[in-house]
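In order, the protein sequence lines correspond to chains A and B.
Residues 1 to 389 in the working numbering are what the first sequence spells out, letter by letter.
Residues 1 to 439 in the working numbering are what the second sequence spells out, letter by letter.
These are computed hints drawn from the structure, not numbers from a lab.
Just so we're clear, the structure is a prediction, and the values are computed from it rather than from any experiment.
We treat Cβ as the ideally placed atom computed from N, Cα and C, and that holds for glycine.
Where hints are given, some of them may not hold.
Said to hold, decoys possible - Simulated restraints, written as ranges between beta carbons of each label pair:
hint, chain 1, residue 1, chain 2, residue 2, range
1, A, D193, B, D132, 55 to 63 Å
2, A, G243, B, A280, 54 to 62 Å
3, B, E281, A, G243, 46 to 54 Å
4, A, P176, B, L318, 56 to 64 Å
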Amino acid sequence: MVLSARILDRDRAVLAVLPGAFDARYTRRPLSATEVSVSVPRDSPGLEHAVRGNLLEVWRGPTIEASGRLELRDVSGGIITLTAYTEEILLKDSRLPAAYGAVFSGMDAADVIRACLDGWAVARIKSASEWADTTGTSKTTAVDAGGGTLWLARDGDGKYERNGYAYYRFTAASIPNFKSWDRIRWASDYPADGLVYTTIQYRFGTSGTWLPNVTWPSDGDPSQTLTGERGVLPDEQGLSLGGATNSILEVRCNLYSDDQDSQEEGETGTSGTSPRFYALEVVARTTGLVTVGSIPASTGVTMQAVNADATTAFDVIRDACEQAKLDFQVLQGQLSAAEAFGPSLVNVVNLVTSEGRAALDEPSTIEVLTYGGEPVSFGGEFVTVEVPT
Amino acid sequence: MSLIAELVTLTDTSEGFATILIARGPGTGINRMQVTLRNETAITKYGAREAIEDFPDAVNTADLLAKAQVRLAEVSDPAKFQQLTVRVAGHTEPFRLGQRVRVSDGELGFTTTAKIVGIDTDEDGSTLALGDAPASLLDVINAKEAEEKRDIALGLPAPISVQLVPTPTGMTVLVTLGANSRAIGVEVHVSPVNGFMPDVSTLAARGPGVRFAIEGLPTAVRQFVRVRAFDDRGNFSPYTDQISTAARGVGTAELVVGQIDITNAERPEAALSVKASGGAEVLRLGNITGKAGVPSGTQYGLWGDQGTGVFIRGVLELVEIGEGNGSYTMTSMTAGERRGQVGITYNVMGSFTVPAGETWYVYTALKSVLPDDTTRLIQAGVASTAQWTSSPSTYSTFTLEARAYNYLRLSFSVLVEAITGGDKSHVLWATYFILRKRS
Numbered sequence: 001m002v003l004s005a006r007i008l009d010r011d012r013a014v015l016a017v018l019p020g021a022f023d024a025r026y027t028r029r030p031l032s033a034t035e036v037s038v039s040v041p042r043d044s045p046g047l048e049h050a051v052r053g054n055l056l057e058v059w060r061g062p063t064i065e066a067s068g069r070l071e072l073r074d075v076s077g078g079i080i081t082l083t084a085y086t087e088e089i090l091l092k093d094s095r096l097p098a099a100y101g102a103v104f105s106g107m108d109a110a111d112v113i114r115a116c117l118d119g120w121a122v123a124r125i126k127s128a129s130e131w132a133d134t135t136g137t138s139k140t141t142a143v144d145a146g147g148g149t150l151w152l153a154r155d156g157d158g159k160y161e162r163n164g165y166a167y168y169r170f171t172a173a174s175i176p177n178f179k180s181w182d183r184i185r186w187a188s189d190y191p192a193d194g195l196v197y198t199t200i201q202y203r204f205g206t207s208g209t210w211l212p213n214v215t216w217p218s219d220g221d222p223s224q225t226l227t228g229e230r231g232v233l234p235d236e237q238g239l240s241l242g243g244a245t246n247s248i249l250e251v252r253c254n255l256y257s258d259d260q261d262s263q264e265e266g267e268t269g270t271s272g273t274s275p276r277f278y279a280l281e282v283v284a285r286t287t288g289l290v291t292v293g294s295i296p297a298s299t300g301v302t303m304q305a306v307n308a309d310a311t312t313a314f315d316v317i318r319d320a321c322e323q324a325k326l327d328f329q330v331l332q333g334q335l336s337a338a339e340a341f342g343p344s345l346v347n348v349v350n351l352v353t354s355e356g357r358a359a360l361d362e363p364s365t366i367e368v369l370t371y372g373g374e375p376v377s378f379g380g381e382f383v384t385v386e387v388p389t
Numbered sequence: 001m002s003l004i005a006e007l008v009t010l011t012d013t014s015e016g017f018a019t020i021l022i023a024r025g026p027g028t029g030i031n032r033m034q035v036t037l038r039n040e041t042a043i044t045k046y047g048a049r050e051a052i053e054d055f056p057d058a059v060n061t062a063d064l065l066a067k068a069q070v071r072l073a074e075v076s077d078p079a080k081f082q083q084l085t086v087r088v089a090g091h092t093e094p095f096r097l098g099q100r101v102r103v104s105d106g107e108l109g110f111t112t113t114a115k116i117v118g119i120d121t122d123e124d125g126s127t128l129a130l131g132d133a134p135a136s137l138l139d140v141i142n143a144k145e146a147e148e149k150r151d152i153a154l155g156l157p158a159p160i161s162v163q164l165v166p167t168p169t170g171m172t173v174l175v176t177l178g179a180n181s182r183a184i185g186v187e188v189h190v191s192p193v194n195g196f197m198p199d200v201s202t203l204a205a206r207g208p209g210v211r212f213a214i215e216g217l218p219t220a221v222r223q224f225v226r227v228r229a230f231d232d233r234g235n236f237s238p239y240t241d242q243i244s245t246a247a248r249g250v251g252t253a254e255l256v257v258g259q260i261d262i263t264n265a266e267r268p269e270a271a272l273s274v275k276a277s278g279g280a281e282v283l284r285l286g287n288i289t290g291k292a293g294v295p296s297g298t299q300y301g302l303w304g305d306q307g308t309g310v311f312i313r314g315v316l317e318l319v320e321i322g323e324g325n326g327s328y329t330m331t332s333m334t335a336g337e338r339r340g341q342v343g344i345t346y347n348v349m350g351s352f353t354v355p356a357g358e359t360w361y362v363y364t365a366l367k368s369v370l371p372d373d374t375t376r377l378i379q380a381g382v383a384s385t386a387q388w389t390s391s392p393s394t395y396s397t398f399t400l401e402a403r404a405y406n407y408l409r410l411s412f413s414v415l416v417e418a419i420t421g422g423d424k425s426h427v428l429w430a431t432y433f434i435l436r437k438r439s
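The shape of chain B in the complex, shown without the other chains:
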């Protein structure tokens, strides 16, 4: 049986609502059982709200805990804290306290059951106070309306394109709506905050049209823009993703005094990026996690693909570093004899060219000598046989001028002394590195 009823009151309140219950057993002060129960689900949704309640008839901790759990279930249920009254006009079968009835409200869009907890009847009808509804009706309504709004918004697509053209003191926003959009206008939201959520404080322009001039923006401060469309019924589309630009100031496009902030640096895309025409990223400053060759655990830095480098005019750069060895044998030495050997060589590089405008510096050093216990090194040295020789020494430097070379070869000279007689074989190791300087 359906009866015409009018919703009189639908409210909820937090009076008495709690998500944490401190339950105390019999006794006084600290000399009593006490347990603290938390409804974590309700705390997450509604916050921590403490209430304290005594259970003087609790006989032990388990009993106190059981009683407290029952009580917490009641006080942390928002449905228990709503007031619902309806007015039923005319004379009907008399209602009784405790009866459950079904209540529907087409305008608010809910249907629920509830228990009659109060009856006020007069000549014109009855007002029923209803309780014990199974859920918070306001939460139901809120959730339902939010869902409906989302559904409606989905039917109104966001603008399909937004372009920003910086001007000396602002920007021009060009908006393109879908061909069949029922939108009658758009809202343009502007904020200097990266990742901002639009609200009335960020609304910069609103109305029909597709071209909006935003003026009065500070130069060199990046502004983020999001746009949404609206229809003639007040429904809004979702917002577009944010795009950004900065008022360019007077003159040609340039970076002027100010700063470039990349905030939310943890985000993967938080970086300055340089890409080749094919779209491949070749240089990146900022968050470089996951880029090829970046060690695990490194999040921020400057990354370059193979083929990139850092070049600063006039600063020495490393060309190559390496080591090699040459060997020699001195035959028929007598004990105590000292004998020199020149031209112990090894090749460092094959053909190469020192480009015009560059000077290469070659640094060499004898790294080790491996004599057996029958000889000892008296003197040693190196020289590049391609151009120069030098007096024997344990290290040497020389310069390569700009031209083409067939090879770079290091040549050692040594003087050894035989402790015992016989043939003596040895190996000399040399380390080298080459630096270049651009003029």
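Isolated chain A (complex conformation):
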């Protein structure tokens, strides 16, 4: 079978076939992106397409053997050696948002793998200038303290208002390769003493009812009506948006205070207490470079303690596969996860060592393979076997 190398652009259109390619090498290891290399004469036609980021494929006859993204070129030896890393490396270019592990906790490993194939984009409001840049507001103020926070405004007597809100607009058009809205996350005060409260609401579009439209009374005397989502792990899990694809998302930060009487240190009058929003984040999903190939519907393994703090999709998928005892590979842009790739070869292949102890009449009945006179165990190990020429 003739060995050939092809260079593809990032959309997988074939740019060049390198007929003079030689010395093609590749390695495969579980849960890894590994090297694929090939050497070509410097005058090979189409070599100008061999630029960083394009894809390299190694074919043997009509079958693709390995593919990867070009990462290294070397002209030191008078020829050009192209080195790629297998396509799993594409997953290393996709970064998860900060503190995202809670989103995956409790999910089946197969679902986590699928969820990591699209990218993420984060829009965060943190600094005072960002808090001040509202789409609409009532009785709130941005304060340049603690890296930027949102507070209730004070009334004419210098007391904090009982409630107020500010809302912010996020547009799909401002997010490259936008695919859907993922979740809203926020960091804010909601202490247990029942004096101040914060909630979040959202709507798709520039008008209409804010969601969730849930109300309950505050603990104060007199109490007031609180509206929206208080959240559980709001700065990690936040509020899921269910993969909506609307072009406009508006998020509203509600602030409530039942304390207008307490004195701050050094004050002569009373001013009460204001809750604060420290950060607001909208997470969107973007179209990924890798699509779903063959991934089990479920693995029966529930993900626990997922480390996903601004890590890469590759790392999370590797963790998921390790927990589910699977391997994964990306070939021609599709990710597949399985215990093994390809059918069992025990009835087809008989690897006979130089010791020759396993030479049997029927290759399909190999049960014991010895090396150096000792039985060979394959349990979780790689065994190199020399085949005499």
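Dock chain B against chain A, hints included.
Chain B only, in chain A's frame:
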């Protein structure tokens, strides 16, 4: 001062290279400033590659943004990710770290400046690691060599003519090289894909000569052919434009079972075309955008020039459609009187001929009557005075046999009733259409 040096290493790597930078300020989790910067130029060229970096000393968003911009400029510059080392033989003035030197390599064809970032010296000489070159040398070399190849190829013209002769199971390709071409042979590429780009998988024949027999092709499947010449130094000419044919199968030329695909239908020339001997296109099936009379916004269809038509034997075709009127006046009517009038006529057509083998059907109908409020229509009808009369009715049909006619005239008959006394003038409108059937 020129020193003899040997290129030891010229590589580039993507380790650490990024085109998108997520910059994070002080803090933890989501409670920290974060900006995402994109180098769109680099993304277009090298793809989206994200990196994340913390700037714990950023004091505000503007500061974080400024720091991130500086960092992104570094990590998205491919020149920063190349390794260049040269070996300088013998003893020279000692090099110092940070010195800039000029490096030239005649074989690779580049000259650049770079900063000494590493020195290894022994008894035989020094190996210098160089960095901070202003551009990616491999990209420079690639671009330069591609340009040279194009220049060389331009000096070797493509074959000036290619002809295809279909055979029962393939085709014969006849190639004509230019009279002064230095080509020593040609490559023939064949593919069933319209608009294909030749590569090793499409190479069907290669060698000296001008006549190549390509066999083993499926019949009735159109094959596209491009040819290029090569010289004795391995240079190739550009490819010819593609031409196509299909293996004709056994027997005379005919369309056999299969299909004709016109792909890339958006292309202006994607159509079946019929042309007159003068070259003017008279019929076109496919992309008809821009053809005379085609409404704006219509891209695909069947277009025919003036003088063309669709003819299907035994199917009625419209000859003409129109309307006309005739008037009449009845004098001295008394109230309640009913009076008939025949022969209210108008001419539909002048002289004409119904050709042999055709039958024309004339359909007429009174469209409207315009009485004033002093009369009302009791009965009306039409007839062709050229051949027939008919009883008054509001519609009528008749047939014209194959022969020559001086005219076709419609004649109305009406019966009206006067409501008041006096002279009564009226106008009758009639619509008609004529269909013909070829036997």
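Hint by hint, here is what the structure shows:
1. In this structure, A:D193 and B:D132 meet the distance hint of 55 to 63 Å, their C-beta atoms being roughly 59 Å apart.
2. Here the CB-CB span from A:G243 to B:A280 is close to 57 Å, well matched to the stated 54 to 62 Å.
3. At roughly 52 Å, the beta carbons of B:E281 and A:G243 sit within the given window of 46 to 54 Å.
4. About 57 Å separates the C-beta atoms of A:P176 and B:L318, a value consistent with the hinted range of 56 to 64 Å.
Hint compliance for this structure: no hint is broken.
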